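Trainee: Chain by chain, the residues run as shown.
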Amino acid sequence: MKAGRSRFLLGMLCFGFAFLYVPIILMMIYSFNYSKLVPVWGGFSTRWYSELFQSEEVWNATMLSLKIALLNATFATMLGTLAGIALARIHKFRGRTLFTGMISAPLVMPEVITGLSLLLLFITLNQTIGWPAERGITTITIAHITFSMAFVAIIIQSRLAGTGQDLEEAALDLGAKPFRVLWDITLPQLAPGMVAGWLLAFTLSLDDLVIASFVSGPGATTLPMLIYSRIRLGLRPDINALATIIILAVTISVLIAGWIMLRQQRQMQQREI
Amino acid sequence: MNQASAYPWREAGATPFISIKNVTKRFGNFTAVDDISLDIYKGELFGLLGGSGCGKTTLLRMLAGFETPTTGSISIDGADMTDVPPYERPVNMMFQSYALFPHMSVEKNIAYGLKRDGVKGAEVKERVADMLSMVELGDFGKRKPRQLSGGQRQRVALARALVKRPKVLLLDEPLAALDKRLREQTQFELMNIQDRTGVTFVVVTHDQEEAMTLSTRIAVMDAGKFMQIGEPADIYENPATRYIANFIGSANLIPVTVIDRQQDKLRLQHESSDTVFEAISDQPAAVGDNTTLALRPEKILIDKSPLPDCDNNVQGTVKEIAYLGKISTYRVVTAFGETLEVTAPNQVRTSGAGHRIEWDDQVYLGWSSYSAILLSS
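So the sequence lines, in the order shown, correspond to chains A and B.
Residues in the first sequence are numbered from 1 upward in steps of one, following this note's numbering.
Residues in the second sequence are numbered from 1001 upward in steps of one, following this note's numbering.
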């Protein structure tokens, strides 16, 4: 009876995992397929990887995506950290409730709406003040910052909410002015959270298709946009290769972020003892 | 220290060092501190004692500058501090959690306050080393706080709070996180350090024993108000109210009516029997008043034979005995109905020969009329 139930549970678990990961693993295997026809196995080869690196189009899109992701992650971390600190540490200021709501709104807003409204904003701005002159890397970066800083703010806020204000008060008590306290005490405490936030913002930007499609202009094609447009022309094995590389990159950065968070959690536990 | 007197609060006209005047602190509708005034003198080790939520920590935080009073004023050494931010006050605080900066070494933790004051490198080094040797942590300067034991962290926190030579040191439950043995040892260390540095200490604690041993004076707080302020012995021997009689140590409370009064000699009748007690008190109780007589358990004598030397004598039956080694606590049901708690030293070693008091023994209880405390209302 007991053995039967545990076998059933194990079976369900395997089925669940298979449902999630078999497609990805299949895609990774087929990225090494020699055949030009995606569903037909023609022997092991890395030809699509080399073809991928020879394609200038793919190279440009990758570089553009990386550039946007880097800029986005950096600015989103700076703004998101400040917002998170304000949410967790300043208990009374004018419009606090509104601010809290507006910080978390991008988390639940449908991407289509965010993209469309940002596009309208950029068009209006262009007509009234002439900036941005054309849509491309700048507009995509701004759009990405607006939604990914919300994620950073939430990470920072929860990080700070979990720790008391004792350390900051101790620094104030020892004669440090508030800005000094932020620099000496709050930010070092937040460093792991900021790294995690940066990595999250980086990956969010890297795989965004919808918002980027709205606010991009001619000549600025990000990697997800390129993949999507190619898929529409039919399955091609080099996309499998590209996707495999992206999955590896994302997996590595998520693992790093997880490891940093775990290490800090251990340190905090040690402090408790 | 060049002090005029070891007990400045006993003298009229002495200048207070910390002066709290009509301070009230409200959080929304909740009044944490309710219109209190208090003078603390230079070199005192002042204890703020009370249960959780009584407002003692809020008062301490107002002294540190983390909270500002809703109304009223606070001055330290003659300067008004009411609206001065914490980083400009001549006051340092030792936190209950110690609040050591986890990313800095012990040395850097202690040096932090000095550097904020712009003290130069060589002097910082010297003063940090002095502090470390004072708290006997000379070899631990390079360690991180998480590599220290609880007791060591406590001493680092103390060193960090004292290194700036504050006028006042605030201590929030300084010994709460230590185990019993370490707590007793640290109590004496704290008193020692206070004596050597001459800094005025204000200690918040919920532990009445800790407050009694440490403090020159104690203020007992409840619901945002002071119930009583005085020297430890004064509060213990002359509690003003039932709350304090019960909160500081334990006490037997007997409801009585005053039936006769000759100056300070009172005759009191038990509320629900005709037993009469004698007491000497300067409380303004008149004939006919209902009041409460408080008796400390250790002030009642217990014996198997009558106690003719005591001016109050009752008989009773032992219902419970708690044996604590050097003393025992007896719960005795008396002839007049109340159960009294009595503690007595265990002077007889064996239970043989019928010397020792056992369960269900008939005993005599007695006390001097000077030992009974008449509580106001």
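By construction, these hints were calculated from the structure, which means they are not laboratory data.
Hints may contain errors.
Some chain B residues judged to face chain A by a derived CB distance under 10 Å, without partners named [unchecked claim]:
(1) R1089
(2) R1146
(3) A1157
To spell it out: a stretch of chain B is covered by chain A in this simulated footprint if at least three of its residues, at any positions, have a beta carbon under 8 Å from a beta carbon of chain A; those stretches are [said to hold, decoys possible]:
(4) 1081-1087
(5) 1092-1099
(6) 1110-1123
Simulated crosslink set (PhoX-like; lysine-lysine; CA at most 25 Å straight-line) [to be verified]:
(7) B:K1180 with A:K177
(8) A:K177 with B:K1125
(9) B:K1115 with A:K177
(10) A:K177 with B:K1108
(11) B:K1304 with A:K177
(12) B:K1125 with B:K1115
Keep in mind that this is a model prediction, so the values were computed, not measured.
Yeah, the Cβ is synthetic: ideal placement off N, Cα and C, and Gly gets one too.
Trainee: If a hint holds in the structure, say so; if it does not, say that too.
Mentor: Taking the hints in turn, this is what the structure says about them:
With 10 Å as the threshold, the beta carbon of R1089 (chain B) comes within range of chain A, its nearest partner Cβ sitting at about 8 Å, so the hint holds. The interface hint given for R1146 (chain B) is met, as the beta carbon of that residue sits about 5 Å from the closest beta carbon of chain A, less than 10 Å. For A1157 (chain B), the shortest C-beta to C-beta distance to chain A is roughly 9 Å, which falls under 10 Å, so the interface hint holds. Here the region 1081-1087 of chain B counts 3 residues with a CB under 8 Å from a CB of chain A, which clears the bar of 3, and the coverage holds.
Under the rule that three or more residues need a Cβ within less than 8 Å of chain A, the assignment of the region 1092-1099 of chain B holds, with 5 such residues. Figure legend: the region 1110-1123 of chain B, annotated as covered by chain A; annotation consistent (4 residues with Cβ-Cβ distances under 8 Å, at least 3 required). With a C-alpha separation of about 38 Å, the suggested pairing of K1180 (chain B) with K177 (chain A) is violated against the 25 Å cut-off. Simply put, K177 (chain A) and K1125 (chain B) have alpha-carbon atoms about 22 Å apart, close enough for the 25 Å limit, and the pair holds.
About 12 Å separates the Cα atoms of K1115 (chain B) and K177 (chain A), which keeps this hinted pair within 25 Å; it holds. A distance of roughly 18 Å separates the Cα atoms of K177 (chain A) and K1108 (chain B); the hinted pair therefore holds under the 25 Å criterion. Between K1304 (chain B) and K177 (chain A) the CA atoms are separated by roughly 69 Å; this puts the pair beyond 25 Å, and the hint is violated. For the hint linking K1125 (chain B) to K1115 (chain B), the alpha-carbon distance of about 11 Å falls within 25 Å, and the restraint holds.
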